[in-house]
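**Student:** Protein sequence lines correspond, in order, to chains D and L. Sequential numbering from 1 applies to the first sequence in our numbering. Sequential numbering from 1001 applies to the second sequence in our numbering.
Source of the hints: derived by calculation from the structure; they are not laboratory data. There's no promise every hint is true.
[Said to hold, decoys possible] Among the chain D residues that face chain L by a calculated CB cut under 7 Å, a handful are:
id, residue
1, Pro63
2, Val64
3, Val79
4, Ile83
5, Leu86
6, Ala186
7, Thr197
8, Tyr210
9, Gly218
10, Tyr221
11, Leu222
12, Thr225
[As the list claims (entries may be wrong)] Pairwise CB distance ranges (calculated):
id, chain 1, residue 1, chain 2, residue 2, range
13, L, Gln1047, D, Gln98, 34 to 44 Å
14, L, Arg1034, D, Arg148, 51 to 61 Å
15, D, Val74, L, Ala1164, 34 to 44 Å
16, D, Pro63, L, Leu1253, 31 to 41 Å
17, D, Gln137, L, Asp1036, 44 to 54 Å
Positions of the beta carbon are idealized from the N, C-alpha and C atoms, including for glycine.
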Amino acid sequence: MDWLYALWPGLETTVGLLSLQPPGWGGNLLRGALASLQIALGAFALGLLIGTAGALGKLHGGPVTRDLLSVYTVVVRAVPELILILILYYAGTDLLNQALRALGQRPVEISGVVAGIAVLGIVQGAYATEVLRGAIQSVPRGQHEAARAYGMGAVQTFRRVTFPAMLPLALPGLSNLWLIATKDTALLAIVGFSELTLETRQAAGSTRAYFTFFLAAGALYLAMTLLSGRIFGWIEARYRRGQAAQ
Amino acid sequence: MTRQRIAEEVFVPHRIIMIALALGLVIWAALSLRWDWIPRYYDLALQGIWRTLWLLGLSCLIGFALAVPLGLAQAAGPRFLAAPARAFCTVIRGTPLLLQLWLIYFGVGSLFPQFPWIRESELWPYLRQAWPYALLALSLSFAGYEGEVLRGAFKSVGAGQLEAARSMGMGRIAIFRRIWFPQALQRALPTLGGETVLQLKATPLVATITVIEIYAVSSRVRQDTFIIYEPLLLLAVVYMVIAGLLALMFKLLEQRFNRGMLG
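All chains should be built: construct the whole structure from the sequences, respecting the hints.
**Tutor:** Listed below in structure tokens is the structure:
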């Protein structure tokens, strides 16, 4: 290594700053990345649940359900995520504690992870509703009708016909949503939850090595998004097996 | 939409009830929440809205101007131009805007004072403020997303169109300006409208590097008066109005571009 350090004067300090042991901040960055990943996974899963319910409600629900769901998707898609996070973060904990007090319970401290997942999940749900609705709509009607004709119930039709047929159509949109989820975790830095971006800013602030740390964090995010792009590509290829190329 | 269709869509029993409930909610909010702070911050809020619109407009223009060569290089450029353009779009789309913003403001900004020729140049007074960094980060981000959109749009223009133009004896620049670009733009417009709304939703992030736009005004109200929800609710309404106006603007633009088109 010594010849490399001699060739590149600043490298030794950079390696020292990024090392995983305490004088270096690499460990903090990795912990932050793990927290980001955890929240993104939780929010994506919650978003899929809300999105499935929302898409089915928009397609098969009554007029009231449909109008309420459009209000939800329009509001979430027009208001910045940061504002939604602040409103839900403050109002959500406040309302929950008021409800608990009314029931005679003690107020609870909501952990940052739970709040983050809940808030980002609600945002993801609105986008997932639209993605899944579009995908379900592009499954040919004849397939539903055939399933009905075989005597399948609504749940069975969805599980065995609609869902497998719409999944390849929904996957590109869902992979986009996953990328948005990973990047939106950075917004939680502003409400003070220590995920990758906030850890990076703290490391950069206390060592004054802004450039090094922000570039390192960028590389970590990029690794996450590129790797998940590969994984989604693989899943998509798997689900398109046996289908005509498009 | 005709007046009759509006009447048919609105005067449905459940919609009347929902509108009444929403109005009730608005009246309740107006009466029981605190709005007495508004007069004091009125001028500041107007300045904030102006700054938001200005940042949005300028960053979209600069971003679009950068995105055209980025998209063109990826769609039809030689390899040595296509590969860096592709890498730029991947990096922008793969990292959070907040991180890009902080990298440019804190990272690049902290490098500048080390160079005497920058410190002594005409640009130095501007480089000591926050808004040039905000504008740069927002523009680069918009260029990254838009470059990807335009790549698809440039590719989707049929090869026959370009061949026909060439056989008419048009030069490269004329083909691009009169055949290729207009058709690609027409196809990219719906996505462009969506991206512009996303760009609007990205602007509050610049408040973290001390640029005073409308979100920063609301957080100042929060710090001064300890009123939490009311400024945030009002802010959500402001963003929804701007997003709605943007959507309307792009709808009109699309109609204009689609004139004379079949289907």
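**Student:** Would the stated hint for D/Leu222 survive a check requiring a Cβ distance to chain L of less than 7 Å?
**Tutor:** holds, 5 Å
**Student:** Can we keep the D/Val79 interface hint, with Cβ of chain L closer than 7 Å?
**Tutor:** Cβ of D/Val79 sits 5 Å from chain L, so the hint holds.
**Student:** The hint says 44 to 54 Å between D/Gln137 and L/Asp1036; measuring C-beta to C-beta, is that right?
**Tutor:** Given range 44 to 54 Å: holds, Cβ gap about 48 Å.
**Student:** Let's test the interface hint: is any C-beta of chain L closer than 7 Å to that of D/Thr197?
**Tutor:** holds, 6 Å
**Student:** Go ahead and decide if the range 31 to 41 Å is satisfied by the Cβ distance of D/Pro63 to L/Leu1253.
**Tutor:** The hinted range 31 to 41 Å holds for D/Pro63 and L/Leu1253, with Cβ atoms some 32 Å apart.
**Student:** Using 7 Å as the Cβ threshold, decide whether D/Thr225 counts as touching chain L.
**Tutor:** holds, 4 Å
**Student:** Let's test the interface hint: is any C-beta of chain L closer than 7 Å to that of D/Val64?
**Tutor:** Hint holds; D/Val64 Cβ to chain L Cβ min 5 Å, cut 7 Å.
**Student:** Holds or violated: is there a CB of chain L closer than 7 Å to the CB of D/Ala186?
**Tutor:** Holds. Min distance 4 Å.
**Student:** Let me know if the C-beta of D/Ile83 comes in closer than 7 Å to any C-beta of chain L, holds or violated.
**Tutor:** Interface hint status for D/Ile83: holds (6 Å vs cutoff 7 Å).
**Student:** Could you check the hint for me, namely that D/Val74 and L/Ala1164 are 34 to 44 Å apart, CB to CB?
**Tutor:** The hinted range 34 to 44 Å holds for D/Val74 and L/Ala1164, with Cβ atoms some 43 Å apart.
**Student:** When the nearest CB of chain L is found for D/Pro63, is that gap smaller than 7 Å?
**Tutor:** This hint holds: D/Pro63 lies near chain L, its Cβ roughly 5 Å from the closest one there, short of 7 Å.
**Student:** Taking the Cβ atom of L/Gln1047 and the Cβ atom of D/Gln98, is their distance within the range 34 to 44 Å?
**Tutor:** Given about 36 Å between the Cβ atoms, the range holds.
In the structure shown, no violation is registered for any of the earlier numbered hints.
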